[in-house]
Amino acid sequence: MNFEHRQLDNGLTIIGEVNTKALSTAVGFFVRTGARDERPEINGVSHFLEHMLFKGTDTLSALEVNSAFDRLGAKFNAFTSEENTVYYAAVLPEYLMDVAKLWMQLMRPSLRDDDFNIEKNVILEEIAMYKDLPQFEVMDQARALHFGKHPCSNSVLGTNESIGSLAAEQMRSYFSQRYAPNNMTLACCGNFDFETLCTLANQHCGHWEAMDTSRTLEDTNGTFKSKHILNTNLVRQHICLLSPAVSMQDPRRFAASLLGMILGDDSGSRYYWGLTEPALAEIASMQCESMDGTGVFYSYICCDPDKTRQVMDVIQDIFAEINKTGVSEAELETAKNKKLSAVTINCEQPMGRLVSLGFNWVYNHQYRSVQEDVDAIKSVKLEDISKLIEQLNPGKFTMLSLGPKTV
Amino acid sequence: MNNTTDIYQLKNGMVLLGERIENVHSASFQFLLPAGASLLPEGCCGAGAVITDWLFRGAGERTSRELIETLDRLGVHRGASASAHHLSLNVSLEAGNLFSVLDLYADIILRPQLDADQFELARQLAVSELQGLDDNPRQKAMILLFEQFYPDPFGRPALGKLEQLKTLSFDQTADIAGKIFNPSLVIFSVCGNYDFDAVCQHTEAAFDRSSNSELTTPKPTVKEKSYTHFPAEGAQVHIGLMTPAPLVTSEHYYEIAAAVSILSGSMSSRLFTEVREKRGLCYAVGANYKALKDHSGIACYAGTTPDKAQETVDVILDQFRTLKNGITEDEIQRAKVGLKTSLIMQSESTYARSSGIASDHFLLGRVRGLDEIREKIEALSVDSVQEFLKLHPFEDFTIITIGPDAVKT
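So the protein sequences, as listed, match chains A and B. If you're matching positions, the first sequence starts at 43 in this note's numbering and goes up one per residue. If you're matching positions, the second sequence starts at 56 in this note's numbering and goes up one per residue.
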């Protein structure tokens, strides 16, 4: 496994992890932009723009773009979060440079009015789809409640109103400010030649102009508010809890991730024994989500509406207990083993590896080998977890519940 | 892409399949146990969902807590699910822990404690999960579709039926749980970094049990094509439709795969282009080939807001029906490279490959080598796919909708 790194004069970073034994190769553009970079009147534009990238360039129509990917047998897609927009494809090694070139071209899209108007319907359908999936709706609402005035409260999809009134010109303006080369990373994993990739990038991206794309980073503890949204069409109660955690830049993120697992993994965690195993809730999970300059512990619980009170009592007990006695050595060892096997399995395919490679660079301008991640997980000590519990107090949270009962 | 599948049959008849993958540190295995939804006695729909949870609530000498803690300490990633044919238990782990975990699974499958209190909790969870389906209309649409499409009992929902789950008894369920290990019908597959001879020896000792107990033999009742609307309030109408297609054993299997790929393989496919790209009717639209042993079809899902539901159904049906009118050379080339790439990427994942070889053995009675599959894909042509579509045009549809209003079909 060989790591390579290059920066073009305009600031575009190219990183690669070369593994000549891999059967496939994955490549992606990581653009440091997302819902938190949007003003309220253009909320949802990052995600809408992600769809529009597939609509082509001055020389490629949408159909030609899709056909080109498919002719290369590419497994390709994109996703948008609060703070990143990621475009990726996995192909057989012989098609890597073709698919990389295609992405390079697409990063300078036409953003045509006709395409914009048709795709707006698709976005509105996507918003409607998630309205019918309360497990997503509850998370969106809870995030807004927890982050309050912090930009991470912005919804990734936007609303019917913000998307409905968005104009193509507003999107073009946002694009020109955010898709600057110094705000983008081209990452590649698998069996490929790094020099050839850099030459290709210089040829297709070397003329892009750098811009000021700074983002104000501030942490927040959240609002710690509680809210119940009544929806009598729903059958189950969907509950989301958010509390402050640590950022992607924070070395404590490995410990925080293990703490999330000890409390809320789907097997053998405190939530499992307190809620799932005794059949109080069919789903009870918690994980740490580290972001740019901030982070949250995020719990999702789905239960019988009539058991909501009991479920919340158990959760209070779980947090009270952990504040009082901490976690055991056995719990920490178990969480480490689960995490380590997940890292191992995930990294056996280039597509799985690409995302962690890319994000390590985006957040920390740092290459971390799989072994370094493994070592960081192994080195977490019981006292690190105890300190985190004391510093973060995960039992104090923002709560949003959505369902047929108000609690 | 050289791969060889090792096969071994235990003395009791259980089949072991193995495929070594170089350069990985993980291994994955899967047990297919002959106790799927179609094999359960009348009135016990959903017992499989209860059993897949109950088995882990104490086995051998270990209590529920000891068992889960032991599995977790070994870093095991596990899943359990029920399908029409099987209860399936799957595991991914660090290869070095394979034998320790196999011993635990011998306890789980052969010596579950089946405690009565734990039964009640497992049953309650299964009821909750089934009720939760109402809050996930997309998944519910496909479950209702399969129930309407497949001959009974093959379409019975593995998650269960509420009235049957509510009255399911300890005795009935324990009786079924005692029959899941019928060795001549059990398939075990393992992929990754392992030594096959050692696995065979270990499994021979750990699973040394004979049993002739069998669950029911299904007597299928054929279903006619139909349209059923399930009224519900929501933001979208959820549409499921399914048309019959030849079995995996058919000589036309690869032509089916190509036809499905042309319809829905990726973003340049016909459904995506016509429904989403050109008309903006849906965010989610897609079709898959769904294979049971003796019944198969192509199932399609689309979700759209109520005022667009009729047009969405019309456009989708039109795309299925007009496929027989001709496909292009470019379409077949894209389908071929897409199918080949999927195949190679599957071969990099120990989990995907262990499921693949177990499924092959069950459906075909043998495991197809990757080279064989690649040759068959390469042999596909416009002519071969068109000939297949002439013989098997997609004309009869079972359709369901969940939403405020019905559509015309």
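One or more of the hints may lead you astray.
[Claimed, not checked] Some chain A residues close to chain B (C-beta under 7 Å, calculated; not the full set): (1) 163; (2) 173; (3) 182; (4) 183; (5) 277.
[Said to hold, decoys possible] Stretch by stretch, here's where chain A covers chain B in the computed footprint (C-beta under 8 Å, at least three residues): (6) 63-75; (7) 189-200; (8) 302-312.
Hints in this document: simulated from the structure, not taken from any laboratory. Note that beta-carbon positions come from the ideal geometry of N, C-alpha and C, so glycine has one too.
Exercise. State whether the coverage of the segment 63-75 of chain B by chain A holds or is violated, taking the criterion as 3 or more residues with Cβ-Cβ distances under 8 Å.
Key: It is violated, with 0 qualifying residues against the three required.
Quiz item: Does residue 277/A pass the interface hint, meaning its C-beta sits closer than 7 Å to a C-beta of chain B?
Solution: Status holds, d = 4 Å.
Quiz item: Regarding the hint that residue 163/A lies at the interface with chain B, is the smallest CB-CB distance below 7 Å?
Solution: Check passed: Cβ of residue 163/A comes within 3 Å of chain B, closer than 7 Å.
Self-check item: Cβ contact check, 8 Å cutoff: the segment 302-312 of chain B against chain A, three residues minimum
Solution: violated (count 0)
Quiz item: Would the hint on residue 183/A stand, with a C-beta cut-off of 7 Å toward chain B?
Solution: 15 Å, violated
Practice problem: Verify the coverage statement for the segment 189-200 of chain B against chain A, using a C-beta to C-beta distance below 8 Å and requiring 3 or more qualifying residues. | Solution: Three-residue rule met by the segment 189-200 of chain B, so holds; n is 5.
Quiz item: Quick one, is the residue 173/A hint okay against chain B at 7 Å, beta carbons?
Solution: 4 Å, holds
Quiz prompt | Hinted contact residue 182/A with chain B - closest CB pair below 7 Å | solution = Nearest chain B Cβ about 14 Å off; hint violated.
Violated hints, in rising order: 3, 4, 6 and 8; the structure is consistent with all others.
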